[in-house]
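Chain residues, written in single-letter form:
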Amino acid sequence: MYTSPEAVIAILGMALATIAVKASGLLLADRLPREGFAAAWLKHIPGAVLAALVAPALVTGSMAEVVAAVATGTIFVLSRNLFAAMAGGVLTVYLMRLWLGA
Amino acid sequence: MSQFAALADSPREQFLAGARACLPVAISVAAYGLVWGVLARGAGLSLLEVLMMSGLVFAGAAQFVALDLWTATPASLPIGPLVLAAFIVNLRYLLLTATLRPLYRDGQLLRGALGMYLVTDENWAMTVAAMARGGGSVAFLMGGGVLAWISWMSTNVIGYGLGSAIDDPTRWGLDFAFTATFLALLLGMWKGKADLVPWLVAALAAIATAHFVEGNWHILVGGIVGSVAGAILEVRKRVHLA
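Heads up: the sequence lines are chains A and B, in that order.
In terms of UniProt numbering, the first sequence opens at residue 1 and continues consecutively.
In terms of UniProt numbering, the second sequence opens at residue 1 and continues consecutively.
Just chain B, with the same shape it has in the complex:
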């Protein structure tokens, strides 16, 4: 019996639970993966370059931006801007991976830092949601990450092969899968009235930023402004009570 009890919490079980939890969002990853593959072919990447970029960079938003900058002739490839764009678009991951700190013991941090390679919006959100319910683990995070990686890589290659056959996921409403998924995830995080102000501030700041600044800055700006607003409110309330 004790063997079964141990099995329920084993890293393998956690890994599979993480992958299962990420199945719905893997579909949204797959939809974007197809589109990226199709666009990558149009931008002049070779299949080998598609495999290298998706396998090593593994960051959807940054890879979409890279297609904008990519040139088919190596001599004119803007290496500096490509690297800088990847850095800026991914800056928001500072906020995301910082919240995963409680999953690691002190001695595990350096190895854990390498594992951050597999963190995406999707498995991060699932893991943070699991942590809020008292669960979540490194294996859970990795399970979702590996599923997202396989989903991203395979659909990139399929999209590359399909070429221009699927050029418009909008026609099938698949572009909305991203918004719908994150909206549901957000609603699942509701813990009470204390969340209302930070969420509203984040939303308004993001809308304003998206309106005036190109790129993915709205995620970073909204995330920072909204969470700081939430922290200010919380600290003030504590001082008031004391």
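So here's chain A without its partners, still in its complex pose:
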């Protein structure tokens, strides 16, 4: 158990930067109008962020990831169960990698 002043300053700085960004989103949201363009924009953010999170991982993945993504999507659409979809996806990618030897 040891640390240094430099490390403490760096970690506190990182923590302050992180909470400042997270808090600003909530505080600034109030200045945006409730209808019109900005409102429509805010409404579309969640889906767009999720699509942006997922897409690069799928495109840069191998055949195993693509097949696992299809399995994940199919399980979710059929069961509406997030955990089943996640577990099915992980299992599929595990088996596909074994099979493909990748």
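Hint data in this document are derived by calculation from the structure and do not stem from the laboratory.
One or more hints might be untrue.
[To be verified] Some chain B residues flagged as far from chain A (calculated, every beta-carbon gap over 10 angstroms):
| hint | residue |
| --- | --- |
| 1 | Ser10 |
| 2 | Glu13 |
| 3 | Gly42 |
| 4 | Arg92 |
| 5 | Gly134 |
| 6 | Ser154 |
| 7 | Val157 |
| 8 | Gly163 |
| 9 | Leu187 |
| 10 | His240 |
| 11 | Leu241 |
[Said to hold, decoys possible] Here are the simulated distance ranges between beta carbons:
| hint | chain 1 | residue 1 | chain 2 | residue 2 | range |
| --- | --- | --- | --- | --- | --- |
| 12 | A | Leu98 | B | Val239 | 50 to 58 angstroms |
| 13 | B | Pro11 | A | Leu58 | 36 to 44 angstroms |
| 14 | A | Ala38 | B | Pro81 | 29 to 37 angstroms |
| 15 | A | Tyr2 | B | Ala194 | 52 to 60 angstroms |
| 16 | A | Val8 | B | Leu241 | 56 to 64 angstroms |
| 17 | B | Val235 | A | Leu58 | 26 to 34 angstroms |
| 18 | B | Ala194 | A | Ser4 | 47 to 55 angstroms |
| 19 | A | Val8 | B | Leu200 | 43 to 51 angstroms |
Glycine included, each C-beta is placed from N, C-alpha and C at the ideal position.
Place chain B on chain A using the hints.
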């Protein structure tokens, strides 16, 4: 009877419901937490520094980037770049926490801003999904956040202890837990054809950005470009109808 009815909507129930909703994604948090703990040891962080960083910063992507910059000798620690990297990697949270505004009354905003510390991709997504169904609350958000925090902290320490024993989660397919979870969350948000164009634009912009720019910029760029595309389409359609 009325007591039971009140209990169903009590903050405590909401808190537990939020934690339950985040259980599946907590597993993905745990998988990344293990890896981060292992890598943190390799990067030269002490256990105390691991506890401080995970407990106070509590942001997975930013912490992974920090390991890249970290040096074991304090004199050469790049403090400025570490703080700037955390700021940039976390910029996308501006978009996320802004969408949580409807959960708070006007007088609660400042206290709510402090609570944003516990917002992660995971409990944010669960809460936004609950809001879309007419539910969701501050307690629900916090329940998921506390679960994610415990999951992240404990697996970081376990990973740190395990050292190099689990160096490759890829072997177990656990690296795919993240993608699978967010893919299912995305599909759950489908409300109709109006979502198709913004999602496609977001995906293409993110893929292009990830290809040309290092780091997590693709999330921010894809999120902004896709949602703006969706807003433009929606406003145009309204003008057209009027």
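Which hints from the list above does the structure break, by number from lowest to highest? Result: hints 4, 9 break, sorted rising.
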